[in-house]
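Peer 1: Each chain is listed here by its residues.
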Amino acid sequence: DAGITQSPRYKITETGRQVTLMCHQTWSHSYMFWYRQDLGHGLRLIYYSAAADITDKGEVPDGYVVSRSKTENFPLTLESATRSQTSVYFCASRKGRTDTQYFGPGTRLTVL
Amino acid sequence: AQKVTQAQTEISVVEKEDVTLDCVYETRDTTYYLFWYKQPPSGELVFLIRRNSFDEQNEISGRYSWNFQKSTSSFNFTITASQVVDSAVYFCALSEASRDDKIIFGKGTRLHILP
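Residue numbers (the working numbering), protein chains in the order written: chain A, 1 to 112; chain B, 1 to 115.
The hints are simulated quantities; they were obtained by calculation from the structure and are not laboratory data.
The model shown is predicted, which means the values in this text are computed figures rather than measured ones.
Careful: at least some of the hints might be erroneous.
What the hints assert, rightly or not - With a straight-line Cα cutoff of 25 Å, these simulated PhoX-like cross-link-like pairs (lysine-lysine) come out:
| no. | chain 1 | residue 1 | chain 2 | residue 2 |
| --- | --- | --- | --- | --- |
| 1 | A | Lys95 | B | Lys3 |
| 2 | B | Lys3 | A | Lys57 |
| 3 | A | Lys95 | B | Lys38 |
Take the sequences, apply the hints, and build the full model.
Peer 2: Right, here's the structure in full:
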């Protein structure tokens, strides 16, 4: 039972490059989320999806793009990475609206 | 408005001591859910417990126990006979049934268990 996985786990990139972080869950959960975790800011929601082909903005969506063509995948793309996007990114999923949310292992992204 | 406050930023205790992590929440919903997550030094976020607003029964799971009191809007977490492996950041979180977007996390309490 793989659960929820993220790839890559670590990524170093340069300012201006496009980067895609992958998230895959095997539970067929309807809801999926992307958070970033930064010192002093805690966990902040970037985007979420209530079902395939439905996405919505969270607190800090600027500079990020998401898509969800399949229930199990929820990739997060940084179209033109900036140093302020250096962070740890967590993907999460939950079955239904009020169910428990489970997190992936995280991706540590460094933008030079 | 949704809000979760973990007033204790950092706590240090000696191994085998009991420790309580405080969590106070604010919500206008009558139906809501409270969570605790653990983030060990390895970085992953591990789900510990979920309670709904209609269930005020305290819960015990091994050395962990949770005290939910609606009267004081608190959902405190106690570790009995702490161990070094309990060292982590612990997050309290709240979700409201009326919203499907996110759960609100507290800032976390960093717990150090000293050998």
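Peer 1: Indicate, hint by hint, whether the structure satisfies it.
Peer 2: Against the structure, the hints:
In summary, the hint linking A/Lys95 to B/Lys3 is supported, as the alpha carbons are separated by about 24 Å, within the 25 Å threshold. Between B/Lys3 and A/Lys57, the direct Cα distance comes to roughly 20 Å. Compliance with the 25 Å bound is thereby established for this hinted pair. Restraint check for A/Lys95 and B/Lys38: satisfied, since their Cα atoms lie roughly 20 Å apart, inside the 25 Å limit.
Checked against the numbered hints given earlier, the structure satisfies every one of them.
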